[in-house]
Each structure stands twice: as C-alpha cells, then as structure tokens.
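Undergrad: Read top to bottom, the protein sequences are chains A and B.
Heads up: the first sequence begins at 86 in the numbering used here, then just goes up one per residue.
Heads up: the second sequence begins at 154 in the numbering used here, then just goes up one per residue.
Hints are not guaranteed to be accurate.
Unchecked claim - Listed below are the simulated DSS-like cross-link pairs for lysine-lysine, each with C-alpha atoms no more than 30 angstroms apart in a straight line: (1) B:K473 - A:K162; (2) B:K624 - A:K99; (3) B:K268 - B:K442; (4) B:K486 - A:K99; (5) B:K486 - B:K473; (6) B:K653 - B:K613; (7) B:K624 - A:K162; (8) B:K470 - A:K99; (9) B:K442 - B:K572; (10) B:K486 - A:K162; (11) A:K96 - A:K329; (12) B:K572 - B:K653; (13) B:K624 - B:K653; (14) A:K99 - B:K653; (15) B:K624 - B:K486; (16) A:K162 - A:K96; (17) B:K653 - A:K96; (18) B:K613 - B:K253; (19) A:K99 - B:K473; (20) B:K653 - B:K470; (21) A:K162 - B:K572; (22) B:K473 - B:K653; (23) A:K96 - B:K624; (24) A:K99 - B:K572; (25) B:K473 - B:K572; (26) A:K96 - B:K473; (27) A:K162 - A:K99; (28) B:K470 - A:K162; (29) B:K613 - B:K624; (30) B:K486 - A:K96; (31) A:K162 - B:K653; (32) A:K96 - B:K470; (33) B:K572 - B:K470; (34) B:K613 - B:K572.
Worth flagging that the hints you see were computed from the coordinates, not collected in a lab.
Residue-level listing of the chains:
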Amino acid sequence: MIQDYLILETKVRKCAAEARINGIPICRVGPSGPLDSRAVHEFLFPGRNRFTLSVEPGPTPSQALSAAAEPFIPGDKTSSSLRLMSMPRGAFPEDPGVHELFRIDWTPPPGQPVETPAVLERVLEMPNAGHRWQWLDGEPFDTAASLQAVTDMLTECRDGMNRGDPEPFIERAQARFRAMLAAYGLDVSDEIAIFREEFRSLAGEAGFQMQGLDPLTMDLRVCADEKLVDCVDRSWEPLLRSAKLPNGVTRLRYPIKVARLGGTVQVVL
Amino acid sequence: MNGHDPGSLPEVTPEQYSSSDNAAADCGSNNPIGDTVTPCGRGPVSSRPCDLDEITLSEIAGSRTAGYHVFNGRFVADSPTSKRGIRLFDVETSLPKEAKLQVVGDRPGAQSPTKILASVSAAATCGPTHVAVVVNPPPGQSEIDHVTPALVQDTFTFEASRSESANAAVALFERYIAWGIQPAAYLVSATSCGIRPGGTPKTRGTLTAEVFPADQYQLSLSVPAMGKVSYTRERTTVSSGETTDTSTAEAQLGSDTATVTDTTDTATGITVTDEDIKTVPQKLQFEFKHNGQSGDDITVNINNLLRILSSAQEAVKAIKDVLHEWVPQVGFKFEFDLSFLAGQIVMAWGYKEYTDWRVYYGLSAKFSLTFFEISLTFSFGIQIPAFVARVEGTVNDSAALETDFNFNSPDMLIAPSVKTTVDIPASVSGRAEAGVGWLSVSVELGVRTGFSGEVGLRTKSTTVELYAEIKWEGIDAFVQTKDSPNRGTQEGVWHLVDEKSIWDGVVAF
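So that you can see chain A by itself, here it is in the shape it has in the complex (with noise of 0.2 angstroms):
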C-alpha cells in the first residue's frame, strides 16, 4: 500500500456543490453532510487534470451542470471550498508533512443574487499523478442500447446481490480491481476476499435487501466524454444498494461508474 495520498476535500457552508475531476463526478456535499474528504488517485492522469466545483447544482445529476431557472441568494457565510493535499498516510490536514497543491473558495457576497450552478475549476499539472487507466479507451455511451447494457448489467449485479450472490458483481468489477491495485497498491485477490466477506456479511443481516430499478427514478449520468456513466438515481443515491430500514439507514451502497470495455459494460470506477 502507499504511503502518501492525494487527498480532495470539499466542503460547503449553508449550500450544496459537487466536486468533479476530469469530467467525473466525484461527490455531492450539502447542508446535512458538508464535508467530503477522499483519495482521488484513481480519477487522476498522467499530465493535465481538471478540478471543478459546481456551486448549487441542479436538482438531478444530470441536470447538475443545467443553468438554475431562478437566482440563488447566498445567506450570511455560505462559501464552498474544494482542495487538493498530499497527504502521508494516517494524516488529517493540519499535520505536518500535509501539501495543500491547490484551493479553490467560493464566498459570495450574502444577499446578492448568484446564477447558479457557479462553477470553478482549476487545471493542475501533475505529471506524475494517476494512470492512463482502460476505460480511457472504451467505447462511448452514445445510443440508448449502450445505456440499456449498463440497466442490464445493474439487474444483473443487483438481483444477484439480493439472493446473496455478489458474483455478477465481481465479475463485472474486475477492472476496478485491477485499477485500485494500480493507483493504491491493494491486492486485488485480498480486496476480492474481503468484498465478498463484507457483502456476506450485510446480506446476512435482518431485513437486508436490495433496492429495486426503478426505470422512473434511474438518472444515468453519461460523463468524462461519454466514457463513463455514473450509475445513480435522481435523488444523488447509488443506483446499486439496499433497501432503507425502518430506522432511515440504507446499510449499503456501491456508487460506481461503469464503461465499456471489450463490448461489455464494466465496474471501473
């Protein structure tokens, strides 16, 4: 495993903004859940990478980027950051040995109308970040039979999921394997061991379930010109997870993003 992370945070203040690298949605941060901090290795290449920060993003994910009908009116200290650290393993940002690479704020003036999405970037040389990873080199999602294969292959890992089968999924998930070993060092037969441990383990528990494909809610978002589709529904929640308990909680979630790898849809993000 490595020693030193490249660390994204992004952070809201009294809004909601999602992060983006290189076209890929990252994360969806908002008033409940303001924080967000996680390695990012996997989304990164070898050369130019673009960090964006989408303040008030539209009300599905694929409707983030779409201009807002009606202004947004900041309230007193509503800001957004996002950042990007080197991070030695174990770290939080205050320590020592933490590099901030680079910072972007938003902090509108409270009261005064903002048009919304207000959208930042940055573009960041790191020649020595990431991979030129295999879904690079996929095929678009450019028809809807594309887009049905990635609802085929979802019923697939997801009902195989709700008997307690979390094989489809592994199988599909090969390339994301094979990616994490690349950017983080992680065995791939140890994190397939341990997939499947902790899937058995959540399936086993009282009232665990899948959650059902809903043609109606699903919103797949084509992204990272068109090379990847972020499987998710309209409200932001993975497409592939459990059903919510009684208590609110829905025990397990895998948002992923798949792409088309050798005419068939893959897990590779």
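Since the structure of chain A is provided, determine the placement of chain B on it from the hints.
TA: Okay, now just chain B, sitting in the frame of chain A:
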C-alpha cells in the same frame, strides 16, 4: 380619650322625631332625617343633633404626594382628575364613593411618615354635641380615640405605616419584585351620639385606610458576552498513547466601556424609556437602587449573577465530557464562545398612588438580551475498524429576547409573558485519516442535534422571573464508511455525543 363636658349637656335617650323636623337645616346638613337616635356610649348624649356626613378622611399631602389643599374644610385635589377625598358617607356625589383609602407609607419610625387626616366639620357636630372617631391600627400599634369638640371644624391626624414583608427570598427578583404584599390596614370609625331634632343622625360609619410599602426600586443590569473558552488536547503519536491537555478559560467580564443610564421614575407612574437601553455592553454593570439610593445587596447580587454565568459556561464546557468513545490519537478540540444573558435589563418597580384613591403596583421594564448565544466547534477522533476518523462539528446561533412592558395603572393586570424558542442545530461532518478509507458523517433533517429549549420572562404568583430551559441534545449522526475504494459504503446511526442539560430553571440573581 378626649372627653367632652358631660355637665353642660342634658342626657337624653333615643327619641322619635317627625319627618317634618327641619333641624337638619340648622346643622347645615342636607341629609334626610330619620327617626331613631343611638347613644355612642362615650358619655352623655347631646341634646342637639349631629351628623357624620361631614367627616372627611384624607391623606395629608406629604413629601411624596402633593396636590391637595383644603377648601371649605375639605381636602380637595389640585387637579379635578385627582380627587382623593373620601368620606364615610357620600355627601358630594362628584367624589368617589368608596370605603377604602389606599396610600403608600414607610416603615414605622420613618422621618417623614405618611399621615392620615380626619376632618369633622363644624356642621357635623351641630352645637354642643360630639363625634367620636376611633382608629384601629394594625396589631402592635395603639388605638387612637378622638372626640370632636362642638361646633368647630375639627381635624386630627394619625401616622400610618406600611406592613413589614416577611419575604426571605435570596434572589433579587423574588425579594424585591413582589406585588402580593398585604397592606397595613387602619380601620377608622366615627360615631355620633348627638341627637338631631326632627330626625335620625347617621350614627356610625367606618372606612379602611390601607397602607402599602412606599419603597421604589430601580435596577439596571448590563451583561457582556462571556468570552471564549477553549479546550484542546494535542495529538501525540499512537505508539506512546500520551496526550497533552491544554485548557484555556476566559470570561471577559470587564473593559473600559460603560453602559446604561438610570431608570426614570415619573410622578404618575413607573416608566423606563428607550434611552435606558443601549447597545450590547462591554462591561458587567449592576446598579440597584432602593428609593434612589444604591442598594446594600449589590455585591451579593453581582456574585449571584457571576455564579449563573459561570454555571452556564461550565455546563457548556462539560459537553466535552459526554463525547462518546473518542480516541486520543486523533487529537481533541473543543472551543466555544458563549453569551448567556448578555445585554441589558432596565427595570423600575414599586407601589404607586394613582390619580384616584387607589394604589397600584407599578412595574416597568425593558429587556434587550441575547439570552443564549453559542459558537461551538469541536472535533474528536473515532475508531472505525480499518482506520481512525475525525468527527468535526459546529454550532452557531443565538436566541434573543427583546421586550418591554409598562404596568402603570391599577386597572392593568401584571402579567408579563414573553418567550423565545432555542433551536440551534449542530452541523456535523467527518473525515477519515489519509488513506484508502473513507468516512462521511451527516445529520438527517428532523434529527435533534445541538441546543434546544426555551427562554423567556414569565409571571410567577406575585413576581416575575427570567427563566431558561436549555438543553444540549447530543448528536446522533448517520455515518457512512468505506474501508477501500473497492468496497461498498456501509451506513449506520452512531451515537456520537450524549445529551446534557445546560440550564434548566429560573435565572435568579
């Protein structure tokens, strides 16, 4: 008892007089004439008639209450709207027909005691008769007997003192703001033993003079924000397991800038003006006046107030002790700015004489308080099976109380009541240590976190009280974790911080 000359008057017994008897005119009385006479028992009964209608009882114009003068043998108010003359029986319909005279008075032994004047007109005594006036004071004082001489305008005065309060409450509000105190009652009775030819004299009448405490109070209180309190534990290496505690506490209760003007006590009522409320003060100032003089209890009350502020501060600080299962290797931070009762209170109160015969409890106040303002940030580590993470939280808002009231009439029910809801949610987030693990903390809408409660001003029996019920709701959060990018995201509800009462009760100082 003042006697009269029994030898100069023949004794008589009750007699019958006809309704045609016109002797009343001789007495200058316009009252109807009856047919019985009752001896008073104080001596020989006069052979001449008398009548009690012309007995006037009034408060003497003193240092506190001016505006009465004698006119035609009666005390008459200077202003037509402020008549205070009270008679045993109504002889002038323009004056109020009441059986009580209410005044304010000092404790026994005061230098300028309140005096009540009893006036018996010459007409009432009608010749060589007399009217006996008896004053029954509250327990502990001597009865006063007075017999008027005949055919002269006669007056006599007696001192009237307020009752003593047995209130032993320690708190300022409860001790001094109380409008339920029982007045000292002076029962005044007049008896005529005279005989009126041709009719029945009024033989006996009574009224009560009630004496309320004359004390007037003023309070101005300026409380600044309490300042910042921070508590941090520096991060150390995991292997050593050692932590370093550094705590800093401040209560900024002093600076050079001062604050507030005195209250205004008008002649007709108790009023606090807008000028009495200034901006949020920079310095703690407490001024309490009793009849215009600084009170003796200032030190006690300041200490009580400081104790309240300190208690609130300690209660918030103690939230750090109810964090759940935090791990020291991630470090610890707990920092807050607190204001409790910051702002100004200006009050004036006391019994006042109204423009008629009544006494009322005047209470006037302005409250401009940031009752509770908190800016709290905290962070602490938690252990996820595959990594450690840090929970970070902020709470930032306030509950203010802005109100004023004036009870300046005996016809107003004293019932100040105003409240403000405290609803200050926490914003909570989380992050994993740098690595492949990921964590997110969110607080669902509708889940109680942060501070809640109610603050306000309310009436309690015969006083007012500031109260606060403020509670730290604790934090229950939805925590999502992922041990590596290959895994699924697991979610559960984590109880991160316990609930805790911050302040529950009366803010009495």
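Undergrad: Each hint needs a verdict: does it hold in this structure or not?
TA: Right, here's what the structure says about each hint:
1. B:K473 - A:K162: holds (26 angstroms)
2. B:K624 - A:K99: holds (24 angstroms)
3. B:K268 - B:K442: Holds - the C-alpha atoms of K442 (chain B) and K268 (chain B) are around 25 angstroms apart, at most 30 angstroms.
4. B:K486 - A:K99: With Cα atoms ~23 angstroms apart, K486 (chain B) and K99 (chain A) stay inside 30 angstroms; holds.
5. B:K486 - B:K473: holds (9 angstroms)
6. B:K653 - B:K613: holds (27 angstroms)
7. B:K624 - A:K162: holds (26 angstroms)
8. B:K470 - A:K99: holds (26 angstroms)
9. B:K442 - B:K572: holds (27 angstroms)
10. B:K486 - A:K162: holds (22 angstroms)
11. A:K96 - A:K329: Given pair K96 (chain A), K329 (chain A) holds - Cα atoms ~26 angstroms apart, limit 30 angstroms.
12. B:K572 - B:K653: It holds: about 22 angstroms lies between the C-alpha atoms, which stays within 30 angstroms.
13. B:K624 - B:K653: Roughly 6 angstroms between the alpha carbons, so the hint for K624 (chain B) and K653 (chain B) holds.
14. A:K99 - B:K653: holds (27 angstroms)
15. B:K624 - B:K486: holds (21 angstroms)
16. A:K162 - A:K96: holds (13 angstroms)
17. B:K653 - A:K96: holds (29 angstroms)
18. B:K613 - B:K253: Answer holds: K613 (chain B) to K253 (chain B) is near 28 angstroms, not above 30 angstroms.
19. A:K99 - B:K473: holds (26 angstroms)
20. B:K653 - B:K470: Holds. K653 (chain B) to K470 (chain B) sits at ~11 angstroms (cutoff 30 angstroms).
21. A:K162 - B:K572: Holds - the C-alpha atoms of K572 (chain B) and K162 (chain A) are around 28 angstroms apart, at most 30 angstroms.
22. B:K473 - B:K653: Distance ~10 angstroms between K473 (chain B) and K653 (chain B) Cα, so the pair holds.
23. A:K96 - B:K624: At roughly 28 angstroms apart (the allowed maximum being 30 angstroms), K624 (chain B) and K96 (chain A) satisfy the hint.
24. A:K99 - B:K572: holds (27 angstroms)
25. B:K473 - B:K572: The hint holds at about 29 angstroms.
26. A:K96 - B:K473: holds (25 angstroms)
27. A:K162 - A:K99: holds (8 angstroms)
28. B:K470 - A:K162: holds (25 angstroms)
29. B:K613 - B:K624: Holds. K613 (chain B) to K624 (chain B) sits at ~22 angstroms (cutoff 30 angstroms).
30. B:K486 - A:K96: holds (19 angstroms)
31. A:K162 - B:K653: holds (28 angstroms)
32. A:K96 - B:K470: Roughly 27 angstroms separates the two Cα atoms, so the pair holds.
33. B:K572 - B:K470: holds (25 angstroms)
34. B:K613 - B:K572: Holds, at roughly 14 angstroms.
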